[in-house]
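Protein chains in written order, with my numbering: chain A, 580 to 703; chain B, -12 to 274.
By construction, these hints were calculated from the structure, which means they are not laboratory data.
Beta carbons: idealized from backbone N, C-alpha and C, even for Gly.
Any given hint might turn out to be false.
Among chain B residues calculated to face chain A with C-beta under 8 Å, some are [stated by the list, open to error]:
(1) MET23
(2) TRP60
(3) GLU94
(4) GLY152
(5) LEU185
(6) VAL186
(7) PRO233
What follows is a set of in silico ranges between Cβ atoms, one per label pair, in the way DEER data are often shown [claimed, not checked]:
(8) B/CYS192 to A/SER657: 30 to 40 Å
(9) B/CYS192 to A/GLN617: 20 to 30 Å
(10) A/LYS608 to B/LEU270: 28 to 38 Å
(11) B/GLU135 to A/ARG614: 53 to 63 Å
(12) A/ASP623 to B/HIS95: 57 to 67 Å
(13) B/HIS164 to A/GLN617: 21 to 31 Å
(14) A/GLN622 to B/ARG272: 37 to 47 Å
With a straight-line cut-off of 27 Å between C-alpha atoms, the simulated DSS-like cross-links for lysine-lysine are [stated by the list, open to error]:
(15) A/LYS686 to B/LYS151
(16) A/LYS673 to B/LYS41
(17) B/LYS58 to A/LYS608
(18) A/LYS651 to B/LYS58
(19) B/LYS58 to A/LYS686
(20) A/LYS673 to A/LYS700
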Amino acid sequence: MKKLLFAVASLVFATFLWAGVNDGLWIVKVPEKDRVRQNPFDQDPSAVAAGAKLFRQNCAQCHGSEALGTDKRPNLHSDRIRKATPGELEWLLKNGSMKNGMPSWSKLPEQQRWQLVRFLKSLP
Amino acid sequence: MLFVRRFLGFVAVAAMALLPACARAQDYFITYSHHMEEPGNLELATKSVAGFPKSGNSFLGNAIELEYGVKTWWTTEIYLDGQSTSKESTVFTGFRFENRFRPLLREHWINPVLYVEFENINSADKSLLEIVGHDVRDDFLSRNDRSEKLREAEAKLILSSNFKGWNISENFIAEKHLNSPAPWEFGYALGVSRPLSLVASPANCIFCRENFNLGAEMYGGLGDRYSFGLSDTSHYAGPLLNFRTPNGPTFNISPAFGLNQNSHGVLLRFGVSYELGQIASRLRRKK
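Starting from the given sequences, assemble the full structure and let the hints guide the process.
The structure is reproduced here in structure tokens:
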């Protein structure tokens, strides 16, 4: 019985450890060709407003209306977002980080994902 | 007394059809894409179908759907089915419990999803959530009869791709009656859809083009294990339109036209859906 309890506890610990280690590691999985992609909306002044609208409609329920995070969902006013390239963020939106609870947003057209990226990069 | 019961039943089905339900919802009525429910979100939806058989009574089939995102790769759903047939009766016809699993955790050219479902319905069911085997128009001509219980297991292979704003989805369906020795039955569903605009407008508008999805859907039976093919099967195709109100319900409509003599002339499908975001977190916060 003790062995069984130890095995279960080890499994639970390993699961949390795995989740913790993987958190944020999505960025190293981004292929180089995606990492260096430029945002086609970089020069579009209305893209931030459009991205903000898309954020309110699709992302705010998890990340909060001010993108400050809720419960276990991360705050997006972070160094990780500031340091990520636009290509990395678009890759994350497209593929998600499903092991860590971030769904894929491939249901949004690519153009809208780039508008979202523009908004994310505008966060202070 | 019978009239009162029928009237209340009709009101119940009508209310089921009018209840506001799901948002970002599925793109199609019959076909599934690889887009899963976001984890923690609960989607409420109604899927209704009106049929007008020439040699039978017109009917309104309705399914209420509760869809929950358990994980990013796992979505679970319950359907409650009912129907109302004019000059006959309004009846509850059973429930369905289904689960969808996405085995590949990245976006690919083709994204597979595995679907398993258990149905506990009766022979009066007219929700037409899939067409399989030799399902034909004549099945809908007999009077409402709930005496035959149908316990069925269903599996689907869902393949879905996104390409330049288009979603293209293909479903292959296999269904088996669990309480009779009937053979495996097969069916298919195909769908394509695209938003009217791929770029979001910066304005806070309700009728922005990006809030509308236009597409088409085709589905039908493929016979059974002993008579696989198109003979004695029914098939439908038609356009579909989704309108998603910002942070509100999504409205869907699709007239489906029968493609052969075994099919109904027209099935009018319509539905409303609404998504409750992060339902578990909301309940926790209220405590």
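Here's how the hints hold up against the structure:
no., hint, in the structure
1, MET23, "holds (7 Å)"
2, TRP60, "holds (6 Å)"
3, GLU94, "holds (5 Å)"
4, GLY152, "holds (4 Å)"
5, LEU185, "holds (4 Å)"
6, VAL186, "holds (5 Å)"
7, PRO233, "holds (6 Å)"
8, B/CYS192 to A/SER657: 30 to 40 Å, "holds (31 Å)"
9, B/CYS192 to A/GLN617: 20 to 30 Å, "holds (28 Å)"
10, A/LYS608 to B/LEU270: 28 to 38 Å, "holds (34 Å)"
11, B/GLU135 to A/ARG614: 53 to 63 Å, "holds (59 Å)"
12, A/ASP623 to B/HIS95: 57 to 67 Å, "violated (29 Å)"
13, B/HIS164 to A/GLN617: 21 to 31 Å, "violated (56 Å)"
14, A/GLN622 to B/ARG272: 37 to 47 Å, "holds (41 Å)"
15, A/LYS686 to B/LYS151, "holds (11 Å)"
16, A/LYS673 to B/LYS41, "violated (48 Å)"
17, B/LYS58 to A/LYS608, "holds (21 Å)"
18, A/LYS651 to B/LYS58, "holds (14 Å)"
19, B/LYS58 to A/LYS686, "holds (17 Å)"
20, A/LYS673 to A/LYS700, "holds (17 Å)"
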